[in-house]
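A.B. asks: Numbering (our numbering), first residue to last: 1 to 583.
Source of the hints: derived by calculation from the structure; they are not laboratory data.
A couple of the hints might just be wrong.
Unchecked claim - DEER-style ranges, computed between Cβ atoms: (1) LYS516 - ASP489: 24 to 32 Å; (2) LYS78 - LYS210: 25 to 33 Å; (3) LEU364 - LYS87: 18 to 26 Å; (4) GLU165 - GLU216: 21 to 29 Å; (5) TYR380 - GLY464: 22 to 30 Å.
What the hints assert, rightly or not - Simulated crosslink set (EDC-like; lysine to aspartate or glutamate; CA at most 20 Å straight-line): (6) LYS212 - GLU228; (7) LYS481 - ASP25; (8) LYS97 - GLU77; (9) LYS516 - GLU526.
Quick reminder that beta carbons are idealized off the backbone N, C-alpha and C, glycines included.
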Amino acid sequence: MRWFTDFHRGTYELRSVEVGPERKDGGRPRRHADYADKLVTSLNDDAQTLHGELRRRIEKFPDSECVGTRTKVGSVEKEIVITKQGKDSTKKITVPKMTDYKWKTYKEFGEQITAFSAGLANVEMKQGDTMGIFHNSSAEWQVCSYACMERGIVVATVYASLGLEALVYALNLTKVNAVFTSADLVEKLISAKVESLRLIIYTGKLSEEKLKEYSEKNSDISIRSFDELSELGREKPVADEAKVDTDDVALIMFTSGSSGNPKGVLLSHGNILSSAAGMVLAAGGLHSTDRYLGYLPLAHILEFTAEQTMFQGGGSVGYGSPATLQGAACLNESGEPAGDIQTLKPSVMPAVPLILDRMRKGVLKTIADSSWIIRKLFSYAYSGKRSAYLAGQPSPFWDRIMFNKIKSKLGGNLRMIVSGGAPLSPESQEFMNVTFCCPVGQGYGATETASCGCLTKLSDVTTGRVGAPFPSCEIRLLDVKDMDYLSSDTPNPRGEILIRGPCVTRGYFNMSDEQKESFQDDPDGEGIWYHSGDIGMWHPDGTLQIIDRKKDLVKLSDGEFIALGALEAVYKESDFVDHILVY
1 MRWFTDFHRG TYELRSVEVG PERKDGGRPR RHADYADKLV TSLNDDAQTL HGELRRRIEK
61 FPDSECVGTR TKVGSVEKEI VITKQGKDST KKITVPKMTD YKWKTYKEFG EQITAFSAGL
121 ANVEMKQGDT MGIFHNSSAE WQVCSYACME RGIVVATVYA SLGLEALVYA LNLTKVNAVF
181 TSADLVEKLI SAKVESLRLI IYTGKLSEEK LKEYSEKNSD ISIRSFDELS ELGREKPVAD
241 EAKVDTDDVA LIMFTSGSSG NPKGVLLSHG NILSSAAGMV LAAGGLHSTD RYLGYLPLAH
301 ILEFTAEQTM FQGGGSVGYG SPATLQGAAC LNESGEPAGD IQTLKPSVMP AVPLILDRMR
361 KGVLKTIADS SWIIRKLFSY AYSGKRSAYL AGQPSPFWDR IMFNKIKSKL GGNLRMIVSG
421 GAPLSPESQE FMNVTFCCPV GQGYGATETA SCGCLTKLSD VTTGRVGAPF PSCEIRLLDV
481 KDMDYLSSDT PNPRGEILIR GPCVTRGYFN MSDEQKESFQ DDPDGEGIWY HSGDIGMWHP
541 DGTLQIIDRK KDLVKLSDGE FIALGALEAV YKESDFVDHI LVY
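Please work from the sequences and hints to get the whole structure.
C.D. replies: This is how it looks when you write it as structure tokens:
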């Protein structure tokens, strides 16, 4: 462990250190302080592929719970009160009734993958083909992805919420041969006019009438169910797997498309193995007893990589949905409120700031609607625990009196929340740490780096930062002179964030101009740097803070610059604002 001394703040742990020679165009690279000598490529030195690592865990934990799913068994109409502009009104909503989680062991999960993989081979899907996954996050999503990896089939991920235009763009760009989807999305696929598409595989049920209707619309496309293809694989096993290497492309994953069309990022097995390893080590380790709530889209790199960390550690993943995440949004079979969080009782959970902001506003609204005694007690409790939290001390008294009840809203077992995808407000980060009795780690990464970047230490009580680099990458700041962000700035060097390491992908699919802009060779000939477009600032303890974005500035007629992201962040704090776009 390394330390630094500051005259005003005393002695603190140093989270990252500089490595390599001085640079003329910016600062020196920084690495995680505990891994300064060598970047991590995987948790196992001889790891080669994602599916190979999963097979190891199947051998090690055959009878452990692996993937869990809830099934809808009905629905109930409820009347709720909605407050708009100070006026209450009632609205009828349909609330689903769901089973408890039903689990498959690692052995059973592996058998599913084997059967589906053989099914793909029996319908002549082969190495070099492309499978689009247009499906909500689920155990079947992962069965399909691992089966494809074993066959050397490249997976192209697209969000299940995509509109028709974006869907057509992504599927035509990657020239998919087949698409894995759900029964309710087949109709959209049939109307998408994807020239290369020859096979649709769906989960759920479709009537004979619907299948006939879709076949008449496009007779060139074969439509098979997930169960049918899996059964075919059991009846006609195909043992031979494709020869897949670490550097082979496993996924084509699309960015969010914040500027122009979304870009398909080429992710290799090695990219994801290194990022997953870095994530585990940066978070302080995962355990085979951990339960993870998977409710974010697997088409997002944060969710995909996070689930890989659970499978590599022998933990379990229970799938949920943002729509059924909490309390009254979902009922159990007895008709009692039972959201995915309360039912699963996870120990690890991912989040995006929007979800955490909603949780914070929900608790504050509940307190505001309570009696004055509860409001006063919450104020005292929050103030007392916040002081203890900032001093790094536990608060068993206030937890017993107030916060254990709030903690139970998230199942009661959470030991870690990792927030990513966008900046988390300091208010929400502190609020979650205090009221939900669970450390919130703020992360930073990109699809182009397989989600690898930075993560705050869970014991860190500072807010607004994203922590030190993952042990699997190094980060440096490039001078941006026209914005006056320089690595020579004191006491906090500033500049564009550049990332290098085994996590950095080979670039974009069929987008050479964009690739040249974002992926550039090191001037000294040592690898490739990913240019993020984000402006970062180093703190003296070696942690990074995101302060701006190169493309986020608008120049007014009088020559002044306005940061649109900063304006959005201010307005989002209002109770009256849920979504906002400033342009």
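A.B. asks: Does each hint hold? Answer for all of them.
C.D. replies: Going down the list of hints, with the structure as the test:
In this structure, LYS516 and ASP489 meet the distance hint of 24 to 32 Å, their C-beta atoms being roughly 28 Å apart. One distance hint, 25 to 33 Å for the beta-carbon pair LYS78 and LYS210, holds here, with the actual separation near 30 Å. About 20 Å separates the C-beta atoms of LEU364 and LYS87, a value consistent with the hinted range of 18 to 26 Å. Between GLU165 and GLU216 the C-beta distance comes to about 25 Å, which sits within the given range of 21 to 29 Å.
TYR380 and GLY464 have their C-beta atoms about 26 Å apart, which keeps the hinted 22 to 30 Å range intact. At most 20 Å may separate the alpha-carbon atoms for a hinted pair to count; LYS212 and GLU228 meet this at roughly 17 Å. At roughly 10 Å between alpha-carbon atoms, LYS481 and ASP25 fall within 20 Å of each other, so this suggested pair holds. Only pairs whose Cα atoms come within 20 Å are accepted, and LYS97 paired with GLU77 is accepted, the gap being roughly 11 Å.
Distance hint between LYS516 and GLU526 is fulfilled; the C-alpha atoms sit about 17 Å from each other, no more than 20 Å.
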